[in-house]
Amino acid sequence: MPGIEDLYREIILDHYRTPRNRGELPPPAVYSEGNNPLCGDDIRIYLDVADGVVRDVKFSGQGCSISQSSTSMMTVAVKGKTVAEVQAFVRRFKHMMTLTNESETVDESVKLGDIEALQGVVKFPVRIKCATLGWNTLLEALTEAIK
Amino acid sequence: MVTTLTEASHNMSFDSAVIRRDFPLLAKQIDGKPLVYLDSANTSQKPNAVIDAMANFMRESYAPINRSAYTLAANATEQYEGARAAVAKFINAKSAREIVFTKNATEALNLIVSSWGRANLKTGDVVLLTHMEHHANIVPWQMLQQERGIELRWVPLTSDFQLDLTSLTSLLSGVKVFSFTSMSNVLGTINPVEKLCAAAHAAGAISIVDACQSVPHSPSDVQSWGADFATFSGHKMCGPSGVGVLWGREELLEAMPPFLGGGNMITDVRLDGFTCAELPAKFEAGTPPIAEVVGLGAAVEYLTNIGMANVRQHEISLSSYVLDLLTNRFGDDITIHGPRNPELRGATFSFAFRGIHPHDISQILDQSNVCVRAGHHCAKPLMKIIGANATTRASFYLYNTTTDADTLADALDSASDIF
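Heads up: the protein sequence lines correspond to chains A and B, in order. Each residue of the first sequence is one higher than the last, beginning at 1339 in this note's numbering. Each residue of the second sequence is one higher than the last, beginning at 21 in this note's numbering.
Simulated from the structure, these hints should not be mistaken for laboratory data. The beta carbon of each residue, even a glycine, is placed where N, CA and C say it ideally should be. Honestly, I wouldn't trust all of these hints.
[Said to hold, decoys possible] Covered stretches of chain A, going by a simulated chain B footprint (3 or more residues, C-beta under 8 Å):
#1 1390 to 1404
#2 1461 to 1472
[Stated by the list, open to error] A short list of chain B residues far from chain A (calculated; beta carbon distances all over 10 Å):
#3 N112
#4 L164
#5 D180
#6 H221
#7 G262
#8 Y341
#9 F371
#10 A394
[Claimed, not checked] Listed next, the in silico SDA-like pairs over lysine to any residue satisfying Cα-Cα at most 25 Å (straight line):
#11 A:K1461 x B:K123
#12 B:K53 x A:D1380
#13 A:K1485 x A:I1466
#14 B:K48 x A:G1341
#15 B:K48 x A:F1462
#16 B:K53 x A:K1396
#17 A:K1461 x B:H151
#18 B:K400 x A:K1449
#19 B:K123 x A:G1341
#20 B:K400 x A:E1371
#21 B:K53 x B:I438
#22 A:K1396 x B:A408
#23 B:K404 x A:I1342
#24 B:K400 x A:D1380
#25 B:K48 x A:Y1369
#26 B:K404 x A:Q1400
#27 A:K1461 x B:K400
#28 B:K53 x A:R1358
Okay, chain A solo, but in the shape it has when bound:
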C-alpha cells in the first residue's frame, strides 16, 4: 500500500486549510459547474477572461482535501496566463495525472511548480478524479469564456 504521506503533502494540506481564490465573480465573468458523481462533490469555477488573458479566477463548492487543494493551486497558477498557456498547462497537469492520450502533444517544458506535489495522487487511482475535478471544470469555463 502506498504511504499516505505521498497523498497528503504539506503544500496540499496548506491549500486545503487556507484555500486561495475562494469566492465568486460577478458577470461578465463566466462560470462552470463540475461534480463528481462518485462522492457528490461539486465545484464552481468563475473565470474572467479579457483580451485572451485570464484576468481573474475564483472557485466555490464542496469537496475533499484533494479536490479543494488541487483547485486552489490551479487558480493561483492560471491567473494572468493567456488562454493558450492555460490550455497547455491543463494538458501538462492531466499528463502528470496519467490522463492524456498518446496522440495528445504535451509541452514538457511547461512547469507545474507547486502542483507537482499532486503527483502522489497517481498512486491512489480513485483520487485522480478528485484532483482533476476543478481542472475539467476550468476547461469548461474557458470554453464558455472564449465562445
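Once you've looked at the hints, dock chain B against the given chain A.
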C-alpha cells in the same frame, strides 16, 4: 423484524468471531494487518459455503436450464429451481412461482415500474415514495413520470431520522402505489413495514418494499408484511453479485405484461405474435445467472442455518456497542446521522467527523485496512435533506465483531492527526 426468544435460544452458539472464519477473504491480511470490512450495506463478503457451491456447480453440474432433455441439464434445472424454492421459504412467500430472479434489486424495481407501472398508471396518478429512498426506488419512477406525467409524493423525515407518519393518511389520499425502503441504506432506520403496507392498502394503493437492506439482516415474512411486491439483492446477503430477487403476489405477477422479451419467457412465438410463459419464467428472459442463483440458494441455506433472528440480535448488540463507543470517545466531534435506539436501526452508521471530508476519512481508514464507504450512497435527495454532500458510512454484518468497531475508532483518531 422482532427477535423471538425461542428462535434465538435455538442457537446460543452465535459467535461472530467463529462465523468470520467461514469467510476466507476476511482472513486476508494487508501489510500484516487484518482486514476490517465495514462496507456490507454496499456488498457483503462471501462464505465458503457459497464459494464452494458455485465452484462445485460449475465444475460438476453446469448446464443450461429449462431447455434441454439430457440428465446434466435436468440436474442443473433442479438446482436452479431448488434455489428458487429456498428463497421463497426464506421470505415466506406463498409459492416459488412468486420468486423472479433478476440481475439485482435495481432491476427488480425497474421491472415493477416498467411492467406493473406502465400497465396500471396514467397521467395524474400518484406514487408515494419517502425521503429516505435509494436512487433505485426514485429514478425508475421519475422515468415513468417523464413518460406518463404521474405525480410523485414524498413522506418526509422526523428530526430523529424516522419517517414522519403524522400526515400519512392525507399523503396516501388518491395514491396508487406506496413504494418504500424497509431500512435506510444511509441512516440505518428500520421502517414499520407492516404498518406502512396496511396504510397503503387502506388507501387503496399497492405497497412495494425495497427490502435490500433488511432481508440480509433480519427475518423476513412477506405475507405478514402484507406487501404486494418486495425486492432485494443476492450480493448483500452473502450471495454473489449478478442476481437479485423480485417477489410479487401471484395474482399481480399473473396480470402483468412481460418485462424483457426473448427466450425462456414464451410458450409460443409465431410470425404474428407470441404467447407468454407461465410464472416465473415470464419474467426471466434469456439465460439467467445460473451459477449465481445456485450461489444465492447456498447463501440462503447458510443464513438459515445461522438463524436470521440471531443475526438481528447480534446486530442490535453490535449497534449498541458502536453507538456507545463512538459517542463516548468522540462526543461532539462525531455526528451520527441516524436513530440512537439500536432496536430501531440496523448496524449501518453514516457520520460526519471533525469536519474532515468523508473521502479523506476513508482514505486514512484504509491505512488501517478499515473499509468504509464515502459519498452520497446513491441517496442524493436524502443527503440534501440531512444537509450533507457526503458522509462516511460504516456498515456491520454477522461477521463483524466489537474488535472491528474498536479498530474503526482508533483509525478515526489517526485521521485527526493528519488534518
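Legend entry - Structure versus earlier hints, numbers of those that do not hold, lowest first: As far as the earlier hints go, 10, 11, 12, 13, 16, 17, 18, 19, 23, 25, 27 and 28 are violated by this structure, in ascending order.
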